[in-house]
Amino acid sequence: MTTLILVLLIILALYTLLSRDLLHGTIALSAVSLLSAILFYYLYAPDVAITEAAVGAGVSTVVFVWAIRATERRDSGK
Amino acid sequence: MMKRQRVISFLQTFLALGAVLAVVIPVFLSDFPWPTSARDYLEAHGVADSGARNLVSAIYLGYRAFDTLGETIVLLVAVSGTIGIIAQSGVSLARGFGEEALDRKTASPRLRHRRTELIDVVTGKLGPIVLIFGLYVMLFGHLSPGGGFQGGVVIASGIVFIALGSKNEDSTRLQEAGMLARIEAAGFLSLILAALSGMVTGSGFFGNPLAGMGASPVSYIVILNAVIGLKVGAGIGFMCVAMMGRVE
Amino acid sequence: MLDRLLLLLLFLIGFWGIIARRNIIKKIFGLTIINSAVVILFILEGSRIGNSTPIMSSGIADVVDPVPQALMLTAIVIGVCITALALAMAFRLYRSAGTFDIDEIRRKIHDEAS
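Chains as they are written, first to last, in the numbering used here: chain W, 12 to 89; chain P, 11 to 258; chain A, 238 to 351.
Incorrect hints may appear among the rest.
Not close to chain P: a few residues of chain A, all C-beta gaps over 10 Å, as computed [to be verified]:
#1 264
#2 272
#3 302
#4 334
#5 336
#6 341
#7 345
Covered by chain A, per the in silico footprint, the following chain W stretches (three or more residues, Cβ under 8 Å) [to be verified]:
#8 14-23
#9 28-41
#10 58-68
Not the full set, but computed from the structure, chain A residues with beta-carbon under 8 Å of chain P [to be verified]:
#11 241
#12 245
#13 279
#14 281
#15 296
#16 332
#17 347
#18 348
These aren't lab readings, by the way, just hints derived from the structure by calculation. Quick caveat: nothing in here was measured; it's all calculated off a predicted structure. By construction, the Cβ of each residue, glycine as well, lies at the ideal position given by its N, Cα and C atoms.
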C-alpha cells in the first residue's frame, strides 16, 4: 500500500514539473498533498494527516492560484 | 554554439544531482534501526506528566514548548513579510485593509460575472461548517487527533471559504483583513502571557501554573491549544484573504 | 527498502525541478516536492517501531514513535510559509521584469548593469 502510493506520488510529481500549463501543475501538486495525507493516515499519524490535508489542498493551492492568476499561465520554453 | 551550451548545462545538472546523491544516500538508505527509548519513556510517563492523552499534543505543548513558540514567531514574520512584499509593488490588497470599499456595481464586468451559483452554494454555505469543525479539532486536541496547529489550519480554510463565497458586502466581519490581523496579534500576545503565567506560580517559563493546585493540569493544555489555534488560523487566513483582493 | 528508494527518487525529482527548469514557478513546485519527501521519510521511519496511533487509551500498548510526528507538524506549517514568501517574491520579480523565465531575467540584469 505504501509502495503504491509512493509510485503514484512520483508520477504526479513528474507531471507537475513537466506540464506546459502552470494551473495543471498546481492541481497536480494539490493531488500530491492529498495522497501524502492518505499515506500519513495509513502510517498511524492522524495529526500530521489533518495538517497536511488542510495545508496542502487548501492554503498552498490558494497561494499558488493567486500567484498564477496575477501573472501568467503558460510556461513557455524548456 | 547552442549545442555546446546544451551539453554544458546537461553536464552541470548531472554533476549537481550526483553531488546531492552522495550527500543524501546515507540519510535515506541507512540500515540503522530507529531507537525506541523515546517511545518507551513517553508511553510510560506521557499522560501523567501533562495530563493529555494525545502524546503528540503532550510533546509540542509540554516537553518541547519552545519549538511551538519559535514556530509561531516564524509564522508571524512570514505573514508580515508576504503582505509587505506584495503591498510595496503597488497592488491594492483586500478591502478593509486601508483601501476603499470595492463597489460591486461599478466593478468591471469580468469581476461581476465570475461568481457562479456553484461557488456561492459550495463555499458560502460550507464555510461555517468548516469553521465549527476547526473549533472542534482545536479544542479536543488532548483527547483525540487534533490540537492547536491542526485546528488552526482548518479554521484558516474555513475563513477562505467564507471570503470566497460571500455575496453581500458585509455578511460577516471575519472576512475583513484588518479584523484578522488584529486577532492574530491578540493570539500571539495571549500565547506570551500564558507562557509567562507559569513563572508567576513558580513553575518556570511555559511551566504549568496549575501543577500543585486543585484544577486538573490539562486545562492549561486546552488553553494553549485554543490560543495557538486562533493565532495560526487568523494568520494564515489573513494572508489568503489579503491575496484574494483586487489585483490589477 | 523499496519505499526509501522511491522516496530518494522523489527527492531527486524535486531537486532536478529546482535546478533544471527555467520557470520560477516550476522551481517553487520543486521546493514543495522536496518538503513533502522529507516529511514522508520521517513519518515512515517513525512508524516502523509500533503498530497503533499514539493516543493512550486503556489497553493501548506498542504505539508508534510520537516525536517525529510532533516535529513534522512544525515542518509542514513552516513549509507553507516558505512557499508563500517565495511566491510573493516571484510576483514582485514578474512585476519588474515582465517574465518568469530566469534566463531572460538574467539577460535583463546584465543589460542594465553594463
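Hints, one by one, checked against the model:
Distance to chain P confirms residue 264 of chain A as a non-interface residue, since its nearest Cβ pair spans about 13 Å, more than 10 Å. Every C-beta of chain P lies more than 10 Å from that of residue 272 of chain A, the closest at about 14 Å, which supports listing it as non-interface. Consistency note on residue 302 of chain A: stated as away from chain P, yet its beta-carbon is not over 10 Å from all of that chain's, at 5 Å minimum. Every beta carbon of chain P lies more than 10 Å from that of residue 334 of chain A, the smallest distance being close to 12 Å; the non-interface claim holds.
Residue placement check: residue 336 of chain A keeps its beta carbon more than 10 Å from all beta carbons of chain P (closest about 16 Å). At roughly 15 Å from the closest C-beta of chain P, the C-beta of residue 341 of chain A stays outside 10 Å, upholding its exclusion from the interface. With a minimum CB-CB distance of about 17 Å to chain P, residue 345 of chain A clears the 10 Å threshold, and the non-interface call stands. Only when three residues or more bring their CB closer than 8 Å to a CB of chain A does the claim for the stretch 14-23 of chain W stand; here the count is 5, and the claim holds.
Given a C-beta distance limit of less than 8 Å, the hint that chain A covers the stretch 28-41 of chain W holds, as 4 residues qualify and 3 suffice. Interface restraint, the stretch 58-68 of chain W with chain A: holds (6 residues with C-beta to C-beta distance below 8 Å; minimum three). The beta carbon of residue 241 of chain A is positioned within 8 Å of a beta carbon in chain P (closest approach about 5 Å), and the interface hint is therefore held. Hint on residue 245 of chain A holds. Least Cβ distance to chain P is approximately 4 Å, under the 8 Å limit.
At about 10 Å, the closest approach between the beta carbon of residue 279 of chain A and any beta carbon in chain P exceeds 8 Å, and the interface hint on this residue is violated. This hint is violated: residue 281 of chain A has a C-beta 10 Å from the nearest C-beta of chain P, more than the 8 Å allowed. With a cut of 8 Å, the hint placing residue 296 of chain A at the interface with chain P is violated, because the nearest CB-to-CB distance is about 13 Å. About 5 Å separates the beta-carbon of residue 332 of chain A from the nearest beta-carbon of chain P, less than 8 Å, and the hint is met.
The beta carbon of residue 347 of chain A is not positioned within 8 Å of any beta carbon in chain P (closest approach about 16 Å), and the interface hint is therefore violated. Below 8 Å, beta-carbon pairs count as interface contacts, and residue 348 of chain A has none with chain P, the closest being about 19 Å; its hint is therefore violated.
Consistency with the previously given hints fails for numbers 3, 13, 14, 15, 17 and 18, ordered from lowest to highest.
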